[in-house]
Amino acid sequence: LRDECLNTNWFMNLKHAREIIEDWRRDYNEVRPHSSLKGSTPKEYAEVASGF
1 LRDECLNTNW FMNLKHAREI IEDWRRDYNE VRPHSSLKGS TPKEYAEVAS
51 GF
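Going by the working numbering, the sequence shown wraps up at 52, each residue one higher than the last.
A couple of the hints might just be wrong.
FRET-style restraints, in silico, Cβ to Cβ [what the hints assert, rightly or not]:
(1) E30 <-> D3: 33 to 43 Å
(2) K38 <-> M12: 12 to 22 Å
(3) G51 <-> T8: 34 to 44 Å
(4) R2 <-> S35: 34 to 44 Å
(5) G51 <-> L14: 33 to 43 Å
(6) H34 <-> N7: 17 to 27 Å
Think of the hints as simulated: they come from the structure by calculation, not from any bench.
Ideal Cβ positions, reconstructed from N, Cα and C, are used throughout, including at glycine.
Start from the sequences and build out the full structure, keeping to the hints where you can.
Structure representation (structure tokens):
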């Protein structure tokens with residue numbers, strides 16, 4: 001989070017920071033594949049693990 005989001009953005013105010021961090025979190029957890037999950041996104045992995 002710090003290297004990929006906080007250190008690379010200039011936040012104008014708290015609202016702006018929350019928006020940028022939420023966009024980063026959504027990308028990290030729903031779009032970006034993780035090698036530790038064998039190339040799945042955390043969202044995909046959770047869906048498979050829960051049987052849906």
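Return the numbers of the hints above that this structure violates; sort them in rising order.
The structure conflicts with hints 1, 2, 4, although it agrees with all the remaining ones.
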